[in-house]
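Engineer: What follows is the residue order along each chain.
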Amino acid sequence: MYRLFVLLTILIFAAPSAAGDTFAPKDLKDLYFGETLYYAFQGDWFDAIARLDTELTQHHGLDEPERDTLYYHIGHAEFAVGDFELAYRMHQRAGRAITAVIEGNVEEPVRNEAIFRLARIYFQKDQPVNALYAVERISGVVPPNILDDLAFLRAQILMANGRFAEAVRILRDLQDAESLEGFSTYNLGIALLKDGKELEGRQYLDSTGRINSNDALTLAIKDKSNLVLGFKLLKENKFEGAKLVLDRVRLKGPFSNRALLGSGWADAFQGRFERALVPWSTLMTREVTNASVQEAMLAVPYAYGKLNVQSRAAVMYGSALEKFDAEVDKLGASIKSIREGHFLRALVREELKQDANWVVKLRKLPQTPETYYLLELMASHDFQEFLKNYLDLEQLRKKLEAWEGDLDAFKEIIEQRRAYFQPLLPAIDREFRRLDSQMRLRLEQRDRIEQRLKSMLVAPRPDYLATSNERISSEQIALLEQKLSTGGTAVPSGIEARIKRLRGVLHWHIYTEYDQRFTEAHEHLLELNKEVDRLKRQYTAFVRTRQAATQSYEGYDDIIRRQRFLIRQAREKVGELMARQGHMLETMAVNVLTTRRERLAEFQIKARFAMADNYDRATRTQTQEKMGR
Amino acid sequence: MFCWLRGVILGISVLVLSFAAYAQEIPREQIKGLDEQVQEIKSDVLGIAAELNQLEEKLLYPSNTQIAVFVSLVSGETFRLDSVEIYLDGKPVAHYIYTFKEFEALQKGGVQRIYTGNIRAGDHDLQVSVIGKSGEGADFRKTERFKVNKDVGPKIVEISLAAQSITLKDR
Numbered sequence: 001m002y003r004l005f006v007l008l009t010i011l012i013f014a015a016p017s018a019a020g021d022t023f024a025p026k027d028l029k030d031l032y033f034g035e036t037l038y039y040a041f042q043g044d045w046f047d048a049i050a051r052l053d054t055e056l057t058q059h060h061g062l063d064e065p066e067r068d069t070l071y072y073h074i075g076h077a078e079f080a081v082g083d084f085e086l087a088y089r090m091h092q093r094a095g096r097a098i099t100a101v102i103e104g105n106v107e108e109p110v111r112n113e114a115i116f117r118l119a120r121i122y123f124q125k126d127q128p129v130n131a132l133y134a135v136e137r138i139s140g141v142v143p144p145n146i147l148d149d150l151a152f153l154r155a156q157i158l159m160a161n162g163r164f165a166e167a168v169r170i171l172r173d174l175q176d177a178e179s180l181e182g183f184s185t186y187n188l189g190i191a192l193l194k195d196g197k198e199l200e201g202r203q204y205l206d207s208t209g210r211i212n213s214n215d216a217l218t219l220a221i222k223d224k225s226n227l228v229l230g231f232k233l234l235k236e237n238k239f240e241g242a243k244l245v246l247d248r249v250r251l252k253g254p255f256s257n258r259a260l261l262g263s264g265w266a267d268a269f270q271g272r273f274e275r276a277l278v279p280w281s282t283l284m285t286r287e288v289t290n291a292s293v294q295e296a297m298l299a300v301p302y303a304y305g306k307l308n309v310q311s312r313a314a315v316m317y318g319s320a321l322e323k324f325d326a327e328v329d330k331l332g333a334s335i336k337s338i339r340e341g342h343f344l345r346a347l348v349r350e351e352l353k354q355d356a357n358w359v360v361k362l363r364k365l366p367q368t369p370e371t372y373y374l375l376e377l378m379a380s381h382d383f384q385e386f387l388k389n390y391l392d393l394e395q396l397r398k399k400l401e402a403w404e405g406d407l408d409a410f411k412e413i414i415e416q417r418r419a420y421f422q423p424l425l426p427a428i429d430r431e432f433r434r435l436d437s438q439m440r441l442r443l444e445q446r447d448r449i450e451q452r453l454k455s456m457l458v459a460p461r462p463d464y465l466a467t468s469n470e471r472i473s474s475e476q477i478a479l480l481e482q483k484l485s486t487g488g489t490a491v492p493s494g495i496e497a498r499i500k501r502l503r504g505v506l507h508w509h510i511y512t513e514y515d516q517r518f519t520e521a522h523e524h525l526l527e528l529n530k531e532v533d534r535l536k537r538q539y540t541a542f543v544r545t546r547q548a549a550t551q552s553y554e555g556y557d558d559i560i561r562r563q564r565f566l567i568r569q570a571r572e573k574v575g576e577l578m579a580r581q582g583h584m585l586e587t588m589a590v591n592v593l594t595t596r597r598e599r600l601a602e603f604q605i606k607a608r609f610a611m612a613d614n615y616d617r618a619t620r621t622q623t624q625e626k627m628g629r
Numbered sequence: 001m002f003c004w005l006r007g008v009i010l011g012i013s014v015l016v017l018s019f020a021a022y023a024q025e026i027p028r029e030q031i032k033g034l035d036e037q038v039q040e041i042k043s044d045v046l047g048i049a050a051e052l053n054q055l056e057e058k059l060l061y062p063s064n065t066q067i068a069v070f071v072s073l074v075s076g077e078t079f080r081l082d083s084v085e086i087y088l089d090g091k092p093v094a095h096y097i098y099t100f101k102e103f104e105a106l107q108k109g110g111v112q113r114i115y116t117g118n119i120r121a122g123d124h125d126l127q128v129s130v131i132g133k134s135g136e137g138a139d140f141r142k143t144e145r146f147k148v149n150k151d152v153g154p155k156i157v158e159i160s161l162a163a164q165s166i167t168l169k170d171r
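Note that the protein sequences, when read in sequence, are chains A and B. Note that my numbering gives residue 178 to position 178 of the first sequence, counting from 1, and the numbers run on in steps of one. Note that my numbering gives residue 66 to position 66 of the second sequence, counting from 1, and the numbers run on in steps of one.
Please note that a few of the clues may not be correct.
Stated by the list, open to error - Below, simulated DMTMM-like cross-link-like pairs (lysine to aspartate or glutamate); rule was C-alpha separation at most 20 angstroms, straight line:
{"no.": "1", "chain 1": "A", "residue 1": "LYS388", "chain 2": "B", "residue 2": "GLU56"}
{"no.": "2", "chain 1": "A", "residue 1": "LYS411", "chain 2": "B", "residue 2": "GLU56"}
{"no.": "3", "chain 1": "A", "residue 1": "LYS530", "chain 2": "B", "residue 2": "ASP151"}
Honestly, the hints are just simulated from the structure, not real lab data. If you're wondering where the values come from, they're calculated on a predicted model, not measured in any experiment.
The shape of chain A in the complex, shown without the other chains:
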């Protein structure tokens, strides 16, 4: 059942799906860009766009963007954002992003690929004129990997604009494209039919219906082609040909029920009711909710009636009636369930999203409608678009709800930081100011020493490099000399000689060791420089930490208030849109179920009438037989 659903979805567009063509660069320089790709590759388009938007905004806000790592991938990133937006069904923004690439200074292949994507957006959004205008702007070199897809899209756009002859010319050239096997011939057949070339169109539909392939999609388009051609022949009363074509449809494919029904009618119209019973009887054993199966329930007894087995026909009509009654009740309950909102609630259940077979699971949930009746609807383009929008809105609703909680947490963090830092900071600032003035003083001293050493390179000053002991000794000698000379008496010659000798010794040391001392002084200055650097680093780190402390709780109030307002506004809007989109989904589902119920009600009347008629005939036959005996 799931395969049927998937194939129906794909075949509605009669072309392979093509969303999200992004790839990772071979040499990734910007990890944050890689992160957006990580989300995109998982189909998490919201996070991929949100992060890439942030990255691009930051990149474009830089003074020197060429120094940013995103610079290496900027073309790729600009392209990717359009792709992500397209995959997230934001066609307006995707269109703008891709148009920006087209109008930018890009190489011809890149530009052409961008136009191709833009044309595809217009085509998907049911804007064939815009799509045609876009695709006609493509000229010059086209990347080889999109050549076939581009030609196929061009043909589809031309068909949508009613220009079938031109589409035919393009599709003829695509007949060898392996990736489009089945799709190109099928579309060529349809284009030829629409162009009035009936015979040739049928030939292409016929050849599509004979394709040998193992590919599920190709086999599905093959079945579809046979079904279209078969019913066309049926309408034209070419029953033999119709039967042949319809019997080519696989018995397990998504179109098998309709093909079996049509095949039976092809026999019945030729009066071959026994042969008609073969496909119809097979059909009757299938899922009772299917429209073709329900029709077969009337067709089989109809055939038996025609074969004069009225008693069996009457019994089968009776059995069909019972099933129709049950189905009508089921449909009534399903309509009620949808109107009570169970359908929408079931569609957004998380466990269904985890399961690829979710459509089948959905019907098993309590109080949900019978989804088998809704399979075709659910596979239809409109429903899929509505459903995706509804699920996206639900995702937005959940995000917005969570963000409100985040803002509460942010607010609490800020308050806690304020409560912690505010009382501490005045004392810290006082201590910092004291240390700061000390530091400045020491730095000035160091600068003076450096200046002095520099000047000593030009004019040597050994006395500057005297040790503290030498300075003390020199001062003591000077003091002695002063004392000895103050009384007006002559200094004894022995003492004077000793003083001179002492001064000489001092002088000797200071002048002979000058070079070594000068070298050592430089070495010490270098060591001091290291310490000063460390001090400066600590100083900078402290200043930064001090700033960070204030910044950790100040300046957020306005941002948080603004965010809260925006979130509240968005939540209201999302709620309103969900209600409208949900109502559309419910209306579509209820309409389908109502139509099916009305049809079944007609079948009930027909079955009752036919049952009575067959009982009559059977009784009459029995009476005649008795009378005959």
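Using the hints provided, position chain B relative to the given structure of chain A.
Structural biologist: Chain B only, in chain A's frame:
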């Protein structure tokens, strides 16, 4: 009865030739208008998300203490990644178990930010443990230790995983 049969067949034929327009009861303009409004609200919410991302980063991970650890797979690797554990200075900071979808995203060249946090400037010990299955299906567990130096700006580290090695790339 025959008229009914013709009706059924023509009905089916129409259904086959063009899938029914189920939304035909709802005016096209209304559908288009609603679709555009959904696109607009998506755009608005994306704007909020971008601002919130910036606010979160500024508030929780200021650049002077921020460290971000990314995980990537070496191109062409055939091993299956089950989980990654990150220890920073001996403390477990991230333990991630991969779904198939996430693993596929890594294989395609996506990069996962496994951890964002705050550390002081200076040298730090980073330990990475990987659990997975080799291309031949055998279980394996690998652990590597690295030294990470945090400077003034945000620290960005890439851990590149292969079946044979765990490599740290300082970014």
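Engineer: Take the hints in turn and mark each one as holding or not.
Structural biologist: Structure-based check of all given hints:
Between LYS388 (chain A) and GLU56 (chain B) the alpha-carbon distance is near 29 angstroms, which puts this suggested pair outside the 20 angstroms criterion. As the CA atoms of LYS411 (chain A) and GLU56 (chain B) are separated by approximately 11 angstroms, the hinted pair is consistent with the 20 angstroms bound. With a CA separation close to 18 angstroms, the supplied pair LYS530 (chain A) and ASP151 (chain B) stays within the 20 angstroms bound.
When each numbered hint is compared with the structure, a violation occurs for hint 1 only.
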